[in-house]
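Asks: Residue-level listing of the chains:
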Amino acid sequence: MAPALAARRSRRRLAADAGLLLAAAAFALPLVWVVLSALDPHAGLTVRAPDGLTLDHFDAILTDDITFRPLLNSLILCGGATALTVACAALAAYPLSRFRSRLNRPFLLTVLFATSLPITAIMVPVYALFVRVNLIDTFQGTILFFAASQLPFAIWLMKNFMDGVPKELEEAAWTDGASSFQSLLRIVLPLMGPGVAVVTVFSFVMMWGNFFVPFMLLLTPDRMPASVSINEFFGNRGMVAYGQLAAFSVVYSTPVILLYVLISRRLGGGFALGGAVKG
Amino acid sequence: MSGARRSLVRALPLSPAVALLLLFLAGPIAYCVVIAFTDLQLTGQAQESFVGFDNFRRAFGDEAFLNAVWLTLVFTVLSSLVGQNTLGLALAALMRRASKPVRTLTGGIVVTAWVLPEVVAGFLLYAFFRREGTLNAILDWLRLPSQNWLFTLPILAVSFANVWRGTAFSMLVYSAALDEIPQEITEAAEVDGAGGWRRMWHVTLPMIRRSIATNLMLNTLQTLSVFGLIWVMTRGGPSGKSQTLPLFMYEQAFQNSLIGYGTAVALLLLLIGSLFSVVYLRLLRTEV
Chain A
1 MAPALAARRS RRRLAADAGL LLAAAAFALP LVWVVLSALD PHAGLTVRAP
51 DGLTLDHFDA ILTDDITFRP LLNSLILCGG ATALTVACAA LAAYPLSRFR
101 SRLNRPFLLT VLFATSLPIT AIMVPVYALF VRVNLIDTFQ GTILFFAASQ
151 LPFAIWLMKN FMDGVPKELE EAAWTDGASS FQSLLRIVLP LMGPGVAVVT
201 VFSFVMMWGN FFVPFMLLLT PDRMPASVSI NEFFGNRGMV AYGQLAAFSV
251 VYSTPVILLY VLISRRLGGG FALGGAVKG
Chain B
1 MSGARRSLVR ALPLSPAVAL LLLFLAGPIA YCVVIAFTDL QLTGQAQESF
51 VGFDNFRRAF GDEAFLNAVW LTLVFTVLSS LVGQNTLGLA LAALMRRASK
101 PVRTLTGGIV VTAWVLPEVV AGFLLYAFFR REGTLNAILD WLRLPSQNWL
151 FTLPILAVSF ANVWRGTAFS MLVYSAALDE IPQEITEAAE VDGAGGWRRM
201 WHVTLPMIRR SIATNLMLNT LQTLSVFGLI WVMTRGGPSG KSQTLPLFMY
251 EQAFQNSLIG YGTAVALLLL LIGSLFSVVY LRLLRTEV
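Line by line, the protein sequences are chains A and B.
Going by the UniProt record's numbering, the first residue of the first sequence is number 1, and it counts up by one from there.
Going by the UniProt record's numbering, the first residue of the second sequence is number 1, and it counts up by one from there.
Next comes chain A alone, as it looks inside the complex:
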């Protein structure tokens, strides 16, 4: 019985491997295309072995107008908004995690409700509102909106991570006369370093890839982040310059992939919205 079962298992493992490799190949095709095209002097639309390898496409796009300014804009927008999100979320999570109050539950439910609202749907009124209050086409307006849209999920994650830090550690500090703010800053946050890193990276990655928000709230081409400028580039010259477009995609995507690798190691496969899913 046992050997039969073992044989069945190893056969099953082979079948599973084959199935997964097939799926992996299908998922990989577009990724392989972008990498090969970025290096292929005669890039077209099909996956194929390049005629030769060249860095010309990267050379052509690594200019102020095409790459550096949009990436700098992305960095300012997403960096600013992430800093704001993480600071507000850490402050908000502290009372939610540490003190009992009748308002905690309704507040958390509202936050959770807001995490799943389709932000896309409110962009038209946000645009109309921003025109009225003169925040349209400004970095600060876009940063504030980005931060607000990411905040519900950040608060939720941060509170769950903070719940994991035992309260006893702070009590000693309290008896020594430390204020709540000091104990949050000196004791709780350092102890939940990985949690803070996750919230930070996750917020940043979400904003870095977001297209619709800056597309609606910014108007001046010089202020556009990479997510929008790539689209302009695509519309205007992409029809011929596939190699350059692919090279730009690689440059623009690499930071978020690296950041993701950085935190996923720490958290194992179940990361992502796993926190929200498990409640």
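Each hint should be verified, as a subset may be incorrect.
Stated by the list, open to error - Partner residues are not named here, just some residues of chain A that face chain B (Cβ under 7 Å, in silico):
hint	residue
1	F68
2	C88
3	A92
4	P95
5	F99
6	R100
7	F113
8	I136
9	F139
Said to hold, decoys possible - Label-pair distances were calculated between CB atoms; the ranges are:
hint	chain 1	residue 1	chain 2	residue 2	range
10	A	D51	B	A194	51 to 61 Å
11	A	V131	B	D140	45 to 55 Å
12	A	E232	B	G195	48 to 58 Å
Hints listed in this document are in silico derivations from the structure and should not be mistaken for laboratory results.
Heads up, the beta-carbon is just placed ideally off N, CA and C, and yes, glycines get one too.
For chain A, the structure is supplied; the task is to place chain B on it using the hints.
Replies: Frame of chain A, contents of chain B only:
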């Protein structure tokens, strides 16, 4: 310190977050409800006026709107319910049996597709589905008929694109859920002679039903608000054949300058989203 004062001081750290959420999230939602009932336009209008339910009445008589509702439904069912959900579960189930290197490789590739910025994903799949693209090259090689997918079946192409981009999320959710099933249970079923499919249907699926429900809900919410992916691939065209509700909303508000009408459509989208959100909360009810 009195009790009231103490709870006020304690709630103080909440204030920056609350202020941001009220001003930039609750504010626009409230504003959305207001202007959905006006004839606000983008340009050349002295004063908008209250028009009651006109925008909604107009929507339900507008063939382009009904077309967008239908396409949104097709897009959601195909890409979220059928595609991401089923494929994500299948991948997670296979990963439990596969050898470690294969598992890591597949997981890495699928997750990379998910982490890529939306516009880049749109661009990659645009290239994949184009007439000169990789899909047609493969079909030619297999001697199957090729066609210009973005022109003939744009909604199918963008649905596949969304599956490509979104499956990782379901895969991660289901991997976590399957890991929590005690090994003895599946082994007992196996020793009792239950085959793979029967084990899946009678043992595994009932045990992860909560994860299935949550995953479906979150997938649907995410799919309802997809804009950039479709915008990059087809701009909603040709002639509206891949124009889902977010794209329709955008076109009405900005290309036709009808902010009021566009917002009414946005409000409908927001209502559908809230409905799903409430169901999602109920699913989590026991855990908050």
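Asks: All hints, please: hold or fail.
Replies: How the hints compare with the structure:
{"no.": "1", "hint": "F68", "verdict": "17 Å, violated"}
{"no.": "2", "hint": "C88", "verdict": "4 Å, holds"}
{"no.": "3", "hint": "A92", "verdict": "4 Å, holds"}
{"no.": "4", "hint": "P95", "verdict": "5 Å, holds"}
{"no.": "5", "hint": "F99", "verdict": "5 Å, holds"}
{"no.": "6", "hint": "R100", "verdict": "10 Å, violated"}
{"no.": "7", "hint": "F113", "verdict": "5 Å, holds"}
{"no.": "8", "hint": "I136", "verdict": "12 Å, violated"}
{"no.": "9", "hint": "F139", "verdict": "15 Å, violated"}
{"no.": "10", "hint": "A/D51 to B/A194: 51 to 61 Å", "verdict": "54 Å, holds"}
{"no.": "11", "hint": "A/V131 to B/D140: 45 to 55 Å", "verdict": "50 Å, holds"}
{"no.": "12", "hint": "A/E232 to B/G195: 48 to 58 Å", "verdict": "55 Å, holds"}
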